[in-house]
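**Student:** The primary structure of each chain is shown beneath.
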Amino acid sequence: MEEKLKEIIDVIRINKLSYLEILQLLQEKFNFVPMDYLNKICEMLEIPKSKIYGILTFYSQFSTNERGKYLIRICDGTACHVKGATKLIEMLKRNYHLEDGKTTQDKKFTLQVVACLGGCFLAPVCMINSHYHGSLDENKLKNILESLK
Amino acid sequence: MDILLVLKKGYFYIRAEYPIAVEHIQKALEVCYNLGLCGRNILGTNFNFDIELKKGAGAFVCGEETALIASIEGKRGMPKPRPPFPAEKGLYGSPTCVNNVETFVNIPIIINEGAENFAKLGTEKSGGTKIFSLAGKTKNTGLVEVPLGIPLAKIVYDIGGGALNGRKIKGVQTGGPSGGCIPVEFFNTPVDYETFAELGSIMGSGGMIVIDDTVCIVELARYFTEFVQKESCGKCVPCRIGTKRMLEILEKITKAKAEVEDLTTLEMLGNYIKETSLCGLGQTAPNPVLTTIKYFRDEYIAHIVDKICPAAVCKELIEYYIEPTKCVGCTVCLKNCPVEAIEGKTKQTHKINILKCIKCGICFTLCKYKAITVKQATIYATENKN
Numbered sequence: 001m002e003e004k005l006k007e008i009i010d011v012i013r014i015n016k017l018s019y020l021e022i023l024q025l026l027q028e029k030f031n032f033v034p035m036d037y038l039n040k041i042c043e044m045l046e047i048p049k050s051k052i053y054g055i056l057t058f059y060s061q062f063s064t065n066e067r068g069k070y071l072i073r074i075c076d077g078t079a080c081h082v083k084g085a086t087k088l089i090e091m092l093k094r095n096y097h098l099e100d101g102k103t104t105q106d107k108k109f110t111l112q113v114v115a116c117l118g119g120c121f122l123a124p125v126c127m128i129n130s131h132y133h134g135s136l137d138e139n140k141l142k143n144i145l146e147s148l149k
Numbered sequence: 150m151d152i153l154l155v156l157k158k159g160y161f162y163i164r165a166e167y168p169i170a171v172e173h174i175q176k177a178l179e180v181c182y183n184l185g186l187c188g189r190n191i192l193g194t195n196f197n198f199d200i201e202l203k204k205g206a207g208a209f210v211c212g213e214e215t216a217l218i219a220s221i222e223g224k225r226g227m228p229k230p231r232p233p234f235p236a237e238k239g240l241y242g243s244p245t246c247v248n249n250v251e252t253f254v255n256i257p258i259i260i261n262e263g264a265e266n267f268a269k270l271g272t273e274k275s276g277g278t279k280i281f282s283l284a285g286k287t288k289n290t291g292l293v294e295v296p297l298g299i300p301l302a303k304i305v306y307d308i309g310g311g312a313l314n315g316r317k318i319k320g321v322q323t324g325g326p327s328g329g330c331i332p333v334e335f336f337n338t339p340v341d342y343e344t345f346a347e348l349g350s351i352m353g354s355g356g357m358i359v360i361d362d363t364v365c366i367v368e369l370a371r372y373f374t375e376f377v378q379k380e381s382c383g384k385c386v387p388c389r390i391g392t393k394r395m396l397e398i399l400e401k402i403t404k405a406k407a408e409v410e411d412l413t414t415l416e417m418l419g420n421y422i423k424e425t426s427l428c429g430l431g432q433t434a435p436n437p438v439l440t441t442i443k444y445f446r447d448e449y450i451a452h453i454v455d456k457i458c459p460a461a462v463c464k465e466l467i468e469y470y471i472e473p474t475k476c477v478g479c480t481v482c483l484k485n486c487p488v489e490a491i492e493g494k495t496k497q498t499h500k501i502n503i504l505k506c507i508k509c510g511i512c513f514t515l516c517k518y519k520a521i522t523v524k525q526a527t528i529y530a531t532e533n534k535n
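As you go down the protein sequences, you meet chains X and B in turn.
Residue numbering for the first sequence is 1 to 149, as defined by our numbering.
Residue numbering for the second sequence is 150 to 535, as defined by our numbering.
Hints are supplied without guarantee of correctness; some may be wrong.
Said to hold, decoys possible - With the C-beta cut set under 8 Å, the calculated list includes, among others, these residues of chain X facing chain B:
1. 19
2. 21
3. 54
4. 58
5. 60
6. 121
7. 123
Keep in mind the hints are simulated off the structure, nothing from the lab.
Even for Gly, the Cβ is constructed at its ideal location relative to N, Cα and C.
Using the sequences and the hints, build the whole thing.
**Tutor:** Okay, structure coming up:
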């Protein structure tokens with residue numbers, strides 16, 4: 001941890017990152033914001049924890065829980081909503097016991113319900129890690145998830 | 150060269166949830182820097198202009214200009230009262246011009262082609278073209294660019310190709326969750342800023358979601374209100390508490406627990422929130438509810454008085470039922486029911502146990518013989534008979 005922390009602190013100092021960018025850096029590096037790192041960064045750079053916590057909880061991009069191997073982002077924007085995104089979310093709840101922001105026990109899948117993924121013309125859409133999947137229905141999504149190892 | 154504005158730095162603010170857009174702009178910026186179209190001494194002049202890309206972190210309110218500025222500064226994306234306007238005191242205290250990328254893209258066209266040529270397209274007050282994201286229940290979906298002023302019907306029927314699966318189109322939700330729902334009766338009106346405002350909607354994000362008779366208007370209004378309520382930054386009371394109260398009433402309606410007076414309260418709350426909220430989010434948040442009450446009042450009444458969801462979407466108001474004459478006893482529904490609510494033997498008529506049914510609709514989608522139908526929930530049906 002020491003070495004990694006030093007590396008992160010250097011990046012923050014050199015690029016003069018804002019509080020928001022510090023959080024984005026951690027989120028991108030670890031796929032979540034690890035509180036132990038964040039606390040150390042706050043101490044070393046003399047950042048008020050309250051300030052950074054306020055930003056952390058304001059934006060939906062950040063998660064303080066460790067994420068699964070696959071992050072399933074289900075779009076529930078208007079176009080996806082009218083084309084049955086709710087059914088996809090219900091299927092994930094039923095078959096994988098997933099809830100928004102939760103990870104399966106085997107740490108394989110994490111579900112995040114998001115407002116719009118910009119793929120309205122392929123609605124309903126989801127993103128699994130960095131891949132888009134469109135024109136989904138419950139079975140199609142189930143098959144995609146089952147093909148993931 | 151005439152200089153109108155001396156700008157030093159520009160930012161692209163793009164949602165992190167749009168990774169493709171981020172990637173494209175990153176590439177474009179690289180190309181521009183390599184060609185000397187950005188940065189120092191642009192094209193050998195003394196003009197310097199740097200452009201930086203900032204990714205949003207997932208907050209709808211950051212589309213509001215002062216919240217967007219706060220977010221670029223690395224703070225919580227909370228709006229500020231205006232004045233001072235960003236044009237006087239914006240990013241890091243400097244005069245700032247905040248506009249949509251699409252708006253800026255029109256400027257080179259105006260300069261190169263001339264203002265008169267630009268204004269040839271569009272209406273008198275809304276000149277030029279506009280890009281819409283056509284989605285929802287039409288055959289063709291995607292981004293469409295049209296001259297402003299064309300009738301809505303042309304976009305929905307000519308470009309969109311009309312309804313899916315022979316359904317009936319009810320209206321179009323324009324401008325995202327801050328916009329309103331325009332019903333079919335107004336499809337001949339021209340698409341421009343002024344007309345949309347008159348109808349109680351906005352052009353906003355440029356979203357056009359086509360809605361057909363399988364979409365419940367009340368549920369849709371509930372969905373939008375839930376969204377704006379979640380995304381409210383919480384700074385001003387009308388938006389923070391008002392949208393929550395509106396949501397509670399809408400939930401009551403979709404659960405058949407509302408009374409007709411609740412509609413009046415909804416309208417009153419909506420108008421107060423519109424008038425008194427601090428920023429655009431709150432000022433437009435009631436639009437979906439207010440426009441749907443105005444244009445689709447009968448659907449609200451059906452939920453409240455008749456306890457019927459005409460689109461058969463609101464779970465509390467419907468029941469699934471197997472038509473004995475159509476069921477062949479194939480057991481597909483029985484095997485796929487997640488709660489074992491379907492009883493029956495092979496080649497014998499199946500039956501749904503209403504007490505166990507969670508109304509997930511899987512059987513309804515799977516039945517090849519269309520034997521499963523949606524009907525009004527029994528408890529309300531008996532209530533109405535009495």
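**Student:** For every hint, state whether the structure bears it out.
**Tutor:** Verification of the hints:
Residue-level restraint check for residue 19 of chain X holds (minimum Cβ-Cβ distance to chain B is 5 Å; threshold 8 Å). The interface hint given for residue 21 of chain X is met, as the beta carbon of that residue sits about 6 Å from the closest beta carbon of chain B, less than 8 Å. Interface hint at residue 54 of chain X: satisfied, since its Cβ lies 6 Å from the closest Cβ of chain B, which is below the 8 Å cut-off. Because the beta carbon of residue 58 of chain X sits about 4 Å from the nearest beta carbon in chain B, less than 8 Å, this interface hint is met.
Hint on residue 60 of chain X holds. Least Cβ distance to chain B is approximately 4 Å, under the 8 Å limit. A least Cβ separation of about 4 Å between residue 121 of chain X and chain B falls short of the 8 Å threshold, and the interface hint therefore holds. Nearest Cβ of chain B to the Cβ of residue 123 of chain X: about 6 Å, under the 8 Å cut. The hint holds.
Every hint, counting from the list given before, is met by this structure.
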